[in-house]
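Engineer: The residues making up each chain are set out below.
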Amino acid sequence: MEFNAIYVIVAREFKKFIRERSRLFSAIARPLLWLFIVGAGLSRLISPDTGVPYIQFIFPGILGMTILFSSIFSSISIIWDKEFGFLKEILVAPVSRLSIVIGKALSGTVVSTIQAAIILVLFPFIGFKLSLLQFIGVILICASISFSISAFGIVLATFYESYESFSVIMNFIVMPMFFLSGAMYPVKLLPEILRICAKINPLTYGIDAIKHVIFPREAGPMSPDFSPVTDIAVILITSIVFVFIAKKAFERKG
Amino acid sequence: MSIIRVENLIKRFGNITAVNDISFEIEEGTIFGFLGPNGAGKTTTINILCTLLAPTSGKASINGHDCMKESSKVRKAIGIVFQDTTLDKDLTAAENLIFHAYLYNIAKDKMQERVDDVLRFVDLYDRKDDLVKKFSGGMKRRLEVARGLIHRPRVLFLDEPTLGLDPQSRTNLWEFIAELPEKHNVTIFMTTHYMEEAEVCDRIAIIDNGKIIAMGTPDELKKAVGGDVVYIKTTDNASAKKEIERLFRLDVSEKEGELYLTCVMGDTCIPEMIRTIGERVLSVRLQRPTLNDVFLKLTGKAIREEETSGMDTIKEEVRAYRRRH
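Chains V and G supply the protein sequences, listed in that same order.
Residue 179 in the working numbering sits at position 179 of the first sequence, with consecutive numbering throughout.
Residue 17 in the working numbering sits at position 17 of the second sequence, with consecutive numbering throughout.
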């Protein structure tokens, strides 16, 4: 593995992220809209005695959404690099395909985790306080789920040739992944078929892990759906599997 | 010493043979030109040499390393300027170069110095902190050449380096490329479909339909066409014609009041001719064959950009094929 190459691939993404103010702005505005419009609207429908207030319940889901969108967006930029030729510059360098994939996955991890941290700092006012330990725990989970989703995004990017496919990915992969992740409603309340879909979605386990950290004593319908060990194991295993598939896909491309 | 060796290289995409059994060697420190129309197989050959594409059969090596088996060593030894720009337009010129320096694992203490050096060499030092999207086509191309040189490659590949540039930037770029072997101790492998540009090469291979149809120095190739044409105007064409024919034992023709003949060494024919016909000479001019004449003679067609439409379809097919596999 070439650490210099991994470093510079991440540094490039970070630099571009900092420069694109609109990307940062929409990354913060989107969760705001969900929390205060969708969250506030739906919390009227849900009786307050079910446990965690709904607006708090969807907070882990909103973090998950932020990570999902920004990780996929970061990885899908490979399609742009392909279209504008920059990918060739990386492919002809004396750098292993594994380093390229890890560099790209870490790029998504860095920008997604930064955004998750901003949201975590900006939204203490929806009614809960986090201890420092909880804060660190959430950030660590965010980082690992970002890595897994970014690696998944690289796999997607290697399968699609042009940026016309971007809307296909958004509509048929990203949006369903969000809605079937336990972000908006507990997985245990879903109908059987949708529950199966949620169970094969890696994001579900990431959001579930965040719920464990934020609502440690919650029982009842709003409680986490899986054990913390299951959550962490799924995140780690999917990360490795996606990196491996992405590396294979890159090698096939030459 | 040969730095690039290619033996019986073949590359097929489905039933299209893009490179059809080519062999050549390139001497270190020279400029080697691959000349041919679009779609002749130039870029495919470069992609194989750059380890981006595996050949169907045959051998290719750079600096003694096999392009398929030792791709990492080959990659370290080469710099590439692709046909289409491969810069990140959202980064500055210096950032693009730093990115490259990291990819090629250049020691951190040398990085800044090397980046500044190549930027000065291509005359872009003053613009180093500008975003690449603000650059003109010529500046981008120069920046790419600079980037290709940072890691001190042994071979620099230039794939149609002047494509899409205005005539002035084109001339500038050529003057600049001609200096590279000496100043940076590299061997240049370039492709072009502009005949006049191939003149700077030490050796040229003419490629058509995936095959090398001629190889040699520009002068050797031109001689193969049959030599120079000398045009001469005199006060008495009829008598001059007879005398020149007797002198060289060559046929002299007449067109629009001007005599002309083809001879191997035009520049040495002229003095002799003038001595023979003396004061009857009104004007003399010499026309050397161009590489275009060479190509015309070898393939029966001129290299023209209009031919691209047909070739584009083939390129499309090749792309579609690669997508399926």
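Worth flagging that the hints you see were computed from the coordinates, not collected in a lab.
For each residue, glycine too, the CB sits at the ideal point set by N, CA and C.
Mixed in with the good hints there might be a few duds.
To be verified - Using C-beta positions, here's what the derived DEER-type ranges look like:
# : chain 1 : residue 1 : chain 2 : residue 2 : range
1 : V       : 136       : G       : 107       : 33 to 43 Å
2 : G       : 129       : V       : 118       : 20 to 30 Å
3 : G       : 64        : V       : 134       : 37 to 47 Å
4 : V       : 25        : G       : 107       : 54 to 64 Å
5 : V       : 18        : G       : 136       : 48 to 58 Å
6 : G       : 12        : V       : 19        : 54 to 64 Å
7 : G       : 1         : V       : 1         : 54 to 64 Å
8 : V       : 117       : G       : 130       : 27 to 37 Å
Engineer: A separate judgement is required for each hint: does it hold in the structure or not?
Structural biologist: Okay, the hints, checked on the actual structure:
no., hint, verdict
1, V:136 x G:107: 33 to 43 Å, "holds, 36 Å"
2, G:129 x V:118: 20 to 30 Å, "holds, 28 Å"
3, G:64 x V:134: 37 to 47 Å, "violated, 59 Å"
4, V:25 x G:107: 54 to 64 Å, "violated, 39 Å"
5, V:18 x G:136: 48 to 58 Å, "violated, 27 Å"
6, G:12 x V:19: 54 to 64 Å, "violated, 44 Å"
7, G:1 x V:1: 54 to 64 Å, "violated, 34 Å"
8, V:117 x G:130: 27 to 37 Å, "holds, 32 Å"
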